[in-house]
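Reassemble the complex: the two chains are provided individually, in unrelated frames, and hints are given to aid placement.
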Amino acid sequence: MDRRRFVKVCTGSAALASANWGRMAVASDFEAFPAAKLTDRSGAPFKGTTIPTSEALVFSYPLAGVPCFLINLGDRPTKPNIALKNEEGDYRWQGGVGPKGQFVAFVAICTHQMSYPQPKVSYLRYAASGSELAGGPGRIVCCAHGSVYDPADGAKVVIGPAPMPLMPVRLVYDPGTDELSADGIMGMAYIKRFFTTYKADLIARFGPGGYRQAVGEKTVCIPISQYSGLVPTC
Amino acid sequence: MEENNSRRHFMKTGGALFAAGAAGLAGAARSTMANAAPAVATHTMAALPKAKGPRLVVVGGGTSGLTIAKYAKKEYPKFDVVLVEKRDMYSSCFSSNLWYAGLINLEFLADHSFLDAAVNNNYIYFNATVTGLDRTSRTLSTNEGDIQYDFLVLAPGISYDYDKIGVTDVDAMTALRQIYPGGFISPTEHVTIHRKVKEFEGGVFVQTVPSGNYRCLPGPYERACLLASTFKKNKIKGKVLVLDANPEITIKKDGFHAAFNELYRDYIEWLPSKAVTGVDVDRKIIKTEFDEYKFDDAAIYANVRGSTLIEHLGLMAPSSKSNQKEAHIDTRFYNIIGDPHVYVTGDSRPHPYSKSANTSNTEGHFIAKVLAARAQGKEISWVSPRTICYSMVNAHPMEAISVDAGYDYSTEKDIITGFSKDTKTFENRDAAKGEATLEWARGIYRDMFNA
Chain A
1 MDRRRFVKVC TGSAALASAN WGRMAVASDF EAFPAAKLTD RSGAPFKGTT IPTSEALVFS
61 YPLAGVPCFL INLGDRPTKP NIALKNEEGD YRWQGGVGPK GQFVAFVAIC THQMSYPQPK
121 VSYLRYAASG SELAGGPGRI VCCAHGSVYD PADGAKVVIG PAPMPLMPVR LVYDPGTDEL
181 SADGIMGMAY IKRFFTTYKA DLIARFGPGG YRQAVGEKTV CIPISQYSGL VPTC
Chain B
1 MEENNSRRHF MKTGGALFAA GAAGLAGAAR STMANAAPAV ATHTMAALPK AKGPRLVVVG
61 GGTSGLTIAK YAKKEYPKFD VVLVEKRDMY SSCFSSNLWY AGLINLEFLA DHSFLDAAVN
121 NNYIYFNATV TGLDRTSRTL STNEGDIQYD FLVLAPGISY DYDKIGVTDV DAMTALRQIY
181 PGGFISPTEH VTIHRKVKEF EGGVFVQTVP SGNYRCLPGP YERACLLAST FKKNKIKGKV
241 LVLDANPEIT IKKDGFHAAF NELYRDYIEW LPSKAVTGVD VDRKIIKTEF DEYKFDDAAI
301 YANVRGSTLI EHLGLMAPSS KSNQKEAHID TRFYNIIGDP HVYVTGDSRP HPYSKSANTS
361 NTEGHFIAKV LAARAQGKEI SWVSPRTICY SMVNAHPMEA ISVDAGYDYS TEKDIITGFS
421 KDTKTFENRD AAKGEATLEW ARGIYRDMFN A
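One line per chain: the protein sequences are A and B, in this order. Counted from 1, the first sequence has number 217 at position 217 by the numbering used here; the numbering is strictly sequential. Counted from 1, the second sequence has number 101 at position 101 by the numbering used here; the numbering is strictly sequential.
Careful, some of the hints might be misleading.
Unchecked claim - Pairs of lysine-lysine residues, derived as BS3-like cross-links and limited to a Cα-Cα distance of at most 27 Å, are as follows: (1) K85(A) with K413(B); (2) K156(A) with K413(B); (3) K192(A) with K74(B); (4) K192(A) with K78(B); (5) K199(A) with K74(B); (6) K156(A) with K424(B); (7) K198(B) with K321(B); (8) K321(B) with K192(A); (9) K321(B) with K85(A); (10) K156(A) with K369(B); (11) K321(B) with K156(A).
Claimed, not checked - Chain B is faced by these chain A residues, among others (derived, beta-carbon under 10 Å): (12) C142; (13) D153; (14) V157; (15) G160; (16) F206; (17) C234.
These aren't lab readings, by the way, just hints derived from the structure by calculation. C-beta: ideal position from N, C-alpha, C; glycine also.
Chain B extracted, bound-state conformation (with noise of 0.2 Å):
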């Protein structure tokens, strides 16, 4: 009775938050979440086949829990594996870029099933969201009855946190979030944005880029490129006014650099050093330290955090070890510290790695190995994840630059130190690299998905 009335009081609370949108959701964990406990078991189990083998749960199909739901499988086939996402379609964040261009079509992010993956890959995908976790009695809340699980995975993304960009009152935030997205998490976002492109008959269309380790590092300067590039073509009196926080671009800086002042002078005004403290959403204007911007149309990328559930699971590392509310695991095998059946993987992972498709999709895979040996009691030595990213500069004709890195880790601080010395960037922009942008992406659909 009484983790009934527990459960009862959470779902008023917390747990309707998480179920009208989840992950997502920016500011979530707001004072609502504070006094939350991370829940309890309903007592009423999901609709699910009995566990046939060591069950393992994976949260979230995204690039890091499709991944893991298949190779898990894959390197230990007695794993009973069931993943857990609230999304009933898919649709990639990587690559949607590409459509604000037209050099994609919506199908191309969103043709990918869940169920195929699934069946493909002998899971189960359980269309469900997440309301809690007891990690004693190692059960999984869920709006759709309890999990129990051997192994859990929980890869639930990011989440925006206004509040590093000044913007605290809940109003504004919520105007913010819904007529200015980020489109960094949800494909809802990419569609709005992607009106936004084709509405834009002239002006200032700003695009802000937040401080700290946000999603896909060159992802706002990419978009950059491509709206200049589209508005140059249809002859469109307005430019890309972007407010980058930080002093320098953060990736493939001289790629980028060539870029604006080759192709874009007229079209793309970059300054640096101008972190968004806050905006008018009413008189459209932003607001940094000392200046203000008039602005016509925008997309407000806020800064990143861990996503919510990590918080309101109650998974969240201490300010030393993360200043952006990311999972509190250990840095070689991402298990919850102490706990050796929870991991936290993909976006919300404190490291300094690059929130990027590819660090996920590689970093899955070493991961899946990880849980099989694990499984078998076994441990294995740990594997940087790789960061193969490329970036659209241009979409006339389809020209990219891209990087591929990998990290190094030091044993006497247990910390990523940086990049490994056989990292390469790309940065001269060519035809060839623009076509293999499409292939990138193509390649890490049919990982995840297919057989």
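This is chain A alone, in the form it adopts within the complex (with noise of 0.2 Å):
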């Protein structure tokens, strides 16, 4: 894929008050891709209404070999404008989207020591309910350090190791047919680290090469429970 045909925005307002935003040091900006819908394994549209709360819907974007977590948060309000800071710099979350911004999505990558879903076991999973690990409900828990998100405040750490939030992802919801797409990531620099940490794992998978390839139009949504044979209830 020829990445330098996608135009880089930025959303962060600390990036947009800057005339020379090209150069921007100190802060992270989501860079654009093409939107992709997102879909349930027919390919159809998933709409809102029908995504649960129970767990996270795992989809891959903008690339195959980036896992994605696409989380209903329900009821539960989300914390719009935050500041957030991740090793690229400074950066603004601006909550989610859809009827009471319940629609959130985050790369599916621990920021600690890279715990992803994997088709054999995920140890990174949205535990609607709570768990031994979470310190409470609606949070992300990583198994393997103890690491804890909260996806209402932009996956900012609330518990463990995690340096830093995970990567978000930018949605885009559509009030008129209840659809949802992904228009853009935060954090290439880290997914290039994560390929390279997984790289025998990932040609395994997808082929060589093939994680590297731009999911286009459309995009799966899996829930964990199906897309991954074991997710420990750490």
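In structure tokens, the structure reads:
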């Protein structure tokens, strides 16, 4: 995929405030990718009203090898426009989308030591009703070393050793059709490191270079209980 | 000339022992070491590229050294980092118990390359054994030549202290080390214990637990569980006899007692306050203060001390600071007292921290920041290491318990006073923690070996 043909946009307010945004060193930006409609296995667009609140759905975006969580927070409100920081700099997370702002998405790779959902097992999950490690309901928990993130708060770290929030994925909600698309992501440098770290596994699963292919206009969302054979309830 | 003479003398005495196997060699610091002065430079420089920035030499490619080599470079890219490691093949001590029960294979422990770690993280892996140190000229001597440093980190791990279990005769000690290894230092010990478990046909398998601050506090109990789980599954008519020098299980006691009582009533006999006072290797008898125990096979975990390398290099703390021959370092920043250029980290530290992988990994992240700051003339505040540690108490099915501990520092006393308030234990064994145990280890491998 030719990445250069995609326009780099900035949604972070700090970045927007700067005339010289192309060289921003202190702000982390969303990077725009072609929008991908979130669908079910049959390829039909997922209707927002049918997205469960009990677990995360897993989809690939913007590249086949990048796992993301789509989470329906239900009645739990998100905190919009909060200030967060990752390894690339400061950014603002705009909150969820949807009728109640209940839909959020993040790259499902633990920022501590890169645990992520795989077909065999996922050590990272959205614990809707809480868990031993979560310290409260509605959090994302990593079994490996107990990192806990709050998806209503931009996936900010609430407990454990993770050094930064999960990387955000930008969603677009169409109220007319009740459908969702993804059209941006933050943290491509981190994802590049993820690809290097798991290169052999990713080649085994997607074929040489397959994990680096763009997902295209549609990306399938699969409940994590079906996506991974085993999801430990840490 | 004089230096060369001293050097030759050293090589004939203490140096030879280190060349034979360094940090892991129990008892290596005995009489020969007592006379060996901290060695001098050979004037043969190691074949290394010229340093392109402040040279940081890290000795020891275990959890502590690998973490520091990687993260010091990340924190301060000007560092020219050289990792000196005597092994040419990595294999972790952490998670090795899981192999005995067939839950992982040897690749899980060993399929991690020193070369890749160095390339991925922009440092040099130098396969050599340390033979001496001259702190005045800031020269580290190795069997492959001398290396000049601006900062030196020594992370050589532990050695066994057989004296403390009453085995002072060098013949008995050698036999014990070879026939009944503790399995808490070198990969070759793990291979031997793995064979023993597969070959065990019944009877008594003794696992001893030493006193003091030994490596991996729950390790011997976890091993007892995993051996028992294996014997139970394979219907072996045998038991694991745990001779524990301590009056109570040292960590996660409720979780271990529950496993002993509920899963292994017929397979584990745990005897507290049974410090080993001697071993008759030929007759297969272990002696404690009042009793003798006959065994069919055993893993005899002697007491633990700071690596003999620390003693050899003259960096040992006085006995008032450490009764385990650990290093004489600053409590918070790990430099040798009075020398801001030399640091001792990982399990040779005198701290009461649990000597575990997660402790060394998190400590390493902090020390990398200390080194980066000091290379730039700055200081940072102390941060506690973290001990996140899983113990697999059942192999069929996999179930584990865990602890997540931090530590408190007292400014007045300049000591670590104990566990911090946010320390938690998770002692109800379950399958989720069983699975997490595997990913815990994989995460640490990724953190040390990948970019």
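Between the alpha carbons of K156(A) and K413(B), is the straight-line distance 27 Å or under? Cα-Cα ~36 Å, so violated.
Given the hinted pair K192(A) and K74(B), is their Cα-Cα distance within 27 Å? Holds. K192(A) to K74(B) sits at ~17 Å (cutoff 27 Å).
Is K85(A) within 27 Å of K413(B), Cα to Cα? Measuring from Cα to Cα gives roughly 37 Å; hence the hint is violated.
Chain B contact restraint on G160(A) - CB to CB distance below 10 Å: Interface hint status for G160(A): holds (8 Å vs cutoff 10 Å).
Distance restraint between K192(A) and K78(B), which requires alpha-carbon spacing of 27 Å or less: Measuring from Cα to Cα gives roughly 23 Å; hence the hint holds.
Does C142(A) meet its interface restraint, that is, does its C-beta lie within less than 10 Å of any C-beta in chain B? holds, 8 Å
Hint consistency between K321(B) and K85(A) [alpha-carbon to alpha-carbon, up to 27 Å]: violated, 42 Å
Verify the proposed pairing of K198(B) with K321(B), using a straight-line Cα cut of 27 Å. Violated - the C-alpha atoms of K321(B) and K198(B) are around 42 Å apart, more than 27 Å.
Is the hinted pair K321(B) and K192(A) satisfied, with a Cα-Cα distance of at most 27 Å? Distance of about 46 Å is beyond 27 Å: violated.
Close enough to count: is the Cβ of D153(A) nearer than 10 Å to one in chain B? Cβ of D153(A) sits 20 Å from chain B, so the hint is violated.
K156(A) and K369(B) were given as a pair; does the straight-line alpha-carbon distance stay at or below 27 Å? Satisfied, since the Cα-Cα distance of roughly 23 Å is no more than 27 Å.
K199(A) paired with K74(B) [C-alpha distance capped at 27 Å]: Measuring from Cα to Cα gives roughly 22 Å; hence the hint holds.
Of the numbered hints given earlier, the model fails hints 1, 2, 7, 8, 9, 11, 13, 14 and 16; all others are met.
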